[in-house]
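Enquirer: Just so you know, the sequences run in chain order A and B. Residues in the first sequence are numbered from 1 upward in steps of one, following the working numbering. Residues in the second sequence are numbered from 1 upward in steps of one, following the working numbering.
Possibly wrong hints are sitting among the right ones.
Just some of the chain B residues that point at chain A, by a computed CB distance under 8 Å [said to hold, decoys possible]:
#1 R71
#2 F90
#3 I152
None of these hints come from the bench; they were simulated from the model. A quick note: this is a predicted structure, and the numbers were derived from the prediction, not measured. Note that the Cβ used here is the ideal one computed from N, Cα and C, for glycine as well.
There are 2 protein chains.
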Amino acid sequence: MSTGEPLTLYSDILDTAYAEAITGLAEGGVPVGAALFSSTGRLLGRGHNRRVQENDPSIHGETDAFRKAGRVAGGYRDKIMVTTLAPCWFCSGLIRQFNIGTVVVGESVNFAGGIDWLRENGFDVIDLRSEKCIEMMRNFIRDKPQLWDEDIGQG
Amino acid sequence: MSTGEPLTLYSDILDTAYAEAITGLAEGGVPVGAALFSSTGRLLGRGHNRRVQENDPSIHGETDAFRKAGRVAGGYRDKIMVTTLAPCWFCSGLIRQFNIGTVVVGESVNFAGGIDWLRENGFDVIDLRSEKCIEMMRNFIRDKPQLWDEDIGQG
Numbered sequence: 001m002s003t004g005e006p007l008t009l010y011s012d013i014l015d016t017a018y019a020e021a022i023t024g025l026a027e028g029g030v031p032v033g034a035a036l037f038s039s040t041g042r043l044l045g046r047g048h049n050r051r052v053q054e055n056d057p058s059i060h061g062e063t064d065a066f067r068k069a070g071r072v073a074g075g076y077r078d079k080i081m082v083t084t085l086a087p088c089w090f091c092s093g094l095i096r097q098f099n100i101g102t103v104v105v106g107e108s109v110n111f112a113g114g115i116d117w118l119r120e121n122g123f124d125v126i127d128l129r130s131e132k133c134i135e136m137m138r139n140f141i142r143d144k145p146q147l148w149d150e151d152i153g154q155g
Numbered sequence: 001m002s003t004g005e006p007l008t009l010y011s012d013i014l015d016t017a018y019a020e021a022i023t024g025l026a027e028g029g030v031p032v033g034a035a036l037f038s039s040t041g042r043l044l045g046r047g048h049n050r051r052v053q054e055n056d057p058s059i060h061g062e063t064d065a066f067r068k069a070g071r072v073a074g075g076y077r078d079k080i081m082v083t084t085l086a087p088c089w090f091c092s093g094l095i096r097q098f099n100i101g102t103v104v105v106g107e108s109v110n111f112a113g114g115i116d117w118l119r120e121n122g123f124d125v126i127d128l129r130s131e132k133c134i135e136m137m138r139n140f141i142r143d144k145p146q147l148w149d150e151d152i153g154q155g
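Generate the whole structure from the sequences, applying the supplied hints.
Expert: Laid out in structure tokens, this is it:
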């Protein structure tokens, strides 16, 4: 997928990630959701952060979506990872190692993660600057700062 | 833990990772094992790659060991991640994000992953150049090249 794709598609797939984040929030968890799509917009996997819910620090939104997709034939270069928040180093490393060509992020205001590094290494990162994603994360960080710090290894 | 620690300790903890890798190999999987230890050598979590066994591409040795340790109080700066093979970008990103201060690798001959990047970013990476780790991985890559390529996102 190139940067020439209509933003409406990206906005549509962000809704899937956002719905996952809202589910996580309702469960008392860190509200980050993600999904993996094919280049034609077929959903391959979706998930959300479950550090709190499963006492598992390895389940970030992106790693969960990647996992749910299982073993994908043909590699990931033409796949799209969409996430409500810019991917941390862990998830940016996932994207780089598995060569997921396109990354759509809901926002990078509250946390920029590794998106500059991904761009420098040839990945197509589209930042949708979604107001609802920005607000969701801002509220969460304000309400549960310790949990957020723990989730990004600052705890 | 500083680089001044005796190599015998590192060699001892590598044995835990190696035993995990051997278990993975016996299961028909990718033979990479890892473990997370406290600075005093207490085992916090151990695991191995289970891409094949669980159809889950997100379970690398390091992510499995990290996961098994659960939510660790006090952060990871003084913890030690030991792994039979140099960590890929995914696992190097894990180490960087969660600030796991010391990384002990069995070998980096068959795959160097992100160890230079970790060193550049202040992480203490000790490469034990273990002959048994080198041989195990060399044999696996020779015997199952497609599975190896898939595991590092080249499939």
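Enquirer: So which hints don't hold here, by number, going up?
Expert: Failing hints: none at all.
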